[in-house]
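Student: Listed in order, the protein sequences are those of chains E and G.
Using this note's numbering, read the first sequence as starting at 1 and increasing by one per residue.
Using this note's numbering, read the second sequence as starting at 151 and increasing by one per residue.
Among the hints, erroneous ones may be present.
As the list claims (entries may be wrong) - Simulated pairs of lysine-lysine, BS3-like, Cα-Cα distance not exceeding 30 Å:
id, chain 1, residue 1, chain 2, residue 2
1, G, Lys361, E, Lys78
2, E, Lys138, G, Lys280
3, G, Lys264, E, Lys78
4, G, Lys220, G, Lys284
5, G, Lys284, E, Lys138
6, G, Lys303, G, Lys259
7, E, Lys36, G, Lys361
8, E, Lys64, G, Lys280
9, E, Lys148, G, Lys284
10, G, Lys284, E, Lys95
11, E, Lys57, G, Lys220
12, E, Lys78, G, Lys331
13, E, Lys136, G, Lys284
14, G, Lys331, G, Lys341
15, E, Lys78, G, Lys341
16, G, Lys331, E, Lys57
17, G, Lys280, E, Lys78
18, G, Lys264, E, Lys76
19, G, Lys284, E, Lys64
As the list claims (entries may be wrong) - Here are a few chain G residues that face chain E, going by a calculated C-beta distance under 10 Å:
id, residue
20, Glu182
21, Leu194
22, Ser306
If you're looking for bench data, these hints aren't it; they were derived computationally from the structure.
Being a predicted model, the structure only gives us computed values, none of them experimental.
Glycine included, every Cβ here is placed at the ideal spot set by N, Cα and C.
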Amino acid sequence: MQNGEIEHIWKLLNSVPDPEIPVISIVELGVVREIKKTDNYINILITPTYSGCPAVKTFTDDIKECLKMNGFSNFKIKLTYDPPWTTDWMSSQTKQKLLDYGISPPSNQTVCPQCKSTNSILVSEFGATACKSLYKCKDCLEPFEHFKCI
Amino acid sequence: MSLLNYTLRIGDSSLILAQRLAEWCTNGPTLEEDIALTNISLDLFGQANGFLEYAATLDGVKTADDFAFKRNENQYYNFLITEIENGHFGDTIIRQFLFSAYLYLFFQKLATSKDEVLSALAAKSLKEIKYHLKHCSSWVIRLGDGTNESNEKIQSSINKIWEYTGELFELDQIEKDLVKKEIAVNREALKFEWDQIINTTLNQAKLMRPKDQVMKTGGSKGIHTKHLELLLKEMQFIPRKYPDAKW
Ligand SMILES: [Zn+2]
């Protein structure tokens, strides 16, 4: 019974979109680390992508809202830094979703989301959010964002 | 209490440097560099927040915001190098390069601290600092090995800022005691590797390493340059003037 409940919550949180890249969920992004039940409390452990990621506050609120809407009231959300978040936690399906959305997924090799060319040039090591950098495709000449590998 | 003081020292340096870098917002020499400096700033704000939150836990009464917004300059323990003014872009890049190289080594060691919170925060911060160091090193090389003018300017930046680097490798009794307990990092021992990183990059950049002179020091005792007071005035203005203000 309890396992069913935990599984149900994982499913619910898997429907909460990442505030900055709504095509993937916060579970797929890897920021929800653990869901556990102790003493009638559901403990949810989350971790930030980057230390200063401004989306942490947003997705914490989104988790609260999602759980409340689904009838849960006894829960605690805790922030952890250990182990530090890594892009290795993203599955290949998640990476494919990023590519379809127009972001070159985390890998040492960039892929142009337009023409799939791997021939590109770094335009800026920093992008619109902490987790991305900016490239330009040398084949189709389109600029694109690349999810930094950390 | 010494662990609280130690945690504040780490958090303060990140916080003050983050605030300094934020001054570049909309003032960067190019759009990409504007975004880079403010992204580095954001990482450092995040790291500072982690350390100050831990300080709040250790203190038991004060919050992280209390530590950030309700202390005067003589209660801040950051390194002096983090508070000096931005100067021109080359000055900022040199400061960031020298300090990132230090933080990179420091967090590597702190990640093995016996204090679990400090080690987790260090491991997290390290990933970000690596990227900052890479970015700044490439700029040091580009500017040093650029035109005569860029070389002269950045050489004078490093000559000017050098006197603030001695403090990074000085230990006082509080830290020595924590080093013995394997909580704190023996920063004196980081000097050798730091020298290697700095020398390699300066060589590549065709820049001269300044001679070690009399070094400025005092940050860990709360003795600061005149610049910190002004920085805090700006950073603390709203919480001090409107203590109940909410975002
Ligand atoms: Zn392309």
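Student: Given the hinted pair G:Lys220 and G:Lys284, is their Cα-Cα distance within 30 Å?
Tutor: 34 Å, violated
Student: Can the restraint linking E:Lys136 and G:Lys284 be considered satisfied, given a maximum Cα separation of 30 Å?
Tutor: Holds, at about 20 Å.
Student: Need the status of pair E:Lys78, G:Lys341: alpha-carbon distance at most 30 Å?
Tutor: 37 Å, violated
Student: Between G:Lys361 and E:Lys78, is the straight-line Cα distance small enough, at 30 Å or below?
Tutor: Violated: G:Lys361 and E:Lys78 sit about 49 Å apart, past 30 Å.
Student: Take a quick look at whether G:Lys284 and E:Lys138 sit within 30 Å of each other, Cα to Cα.
Tutor: 24 Å, holds
Student: Holds or violated: E:Lys138 with G:Lys280, Cα cutoff 30 Å?
Tutor: Holds: E:Lys138 and G:Lys280 sit about 27 Å apart, inside 30 Å.
Student: Once the shortest beta carbon distance from G:Leu194 to chain E is found, is it less than 10 Å?
Tutor: 7 Å, holds
Student: Is it true that the CA of G:Lys264 sits at most 30 Å from the CA of E:Lys76?
Tutor: OK: G:Lys264 and E:Lys76 at ~27 Å, within 30 Å.
Student: Is the straight-line distance between the alpha-carbon of G:Lys331 and that of G:Lys341 30 Å or less?
Tutor: 21 Å, holds
Student: Next pair to validate is E:Lys36 with G:Lys361; report whether the Cα-Cα distance is within 30 Å.
Tutor: Violated. E:Lys36 to G:Lys361 sits at ~57 Å, over the 30 Å cutoff.
Student: Would you check whether G:Glu182 satisfies its interface hint, that is, whether its CB is within less than 10 Å of any CB in chain E?
Tutor: 4 Å, holds
Student: Is G:Lys280 within 30 Å of E:Lys78, Cα to Cα?
Tutor: 27 Å, holds
Hints 1, 4, 6, 7, 8, 15, 16, 19 and 22 from the earlier list are contradicted by this structure; the remaining hints agree with it.
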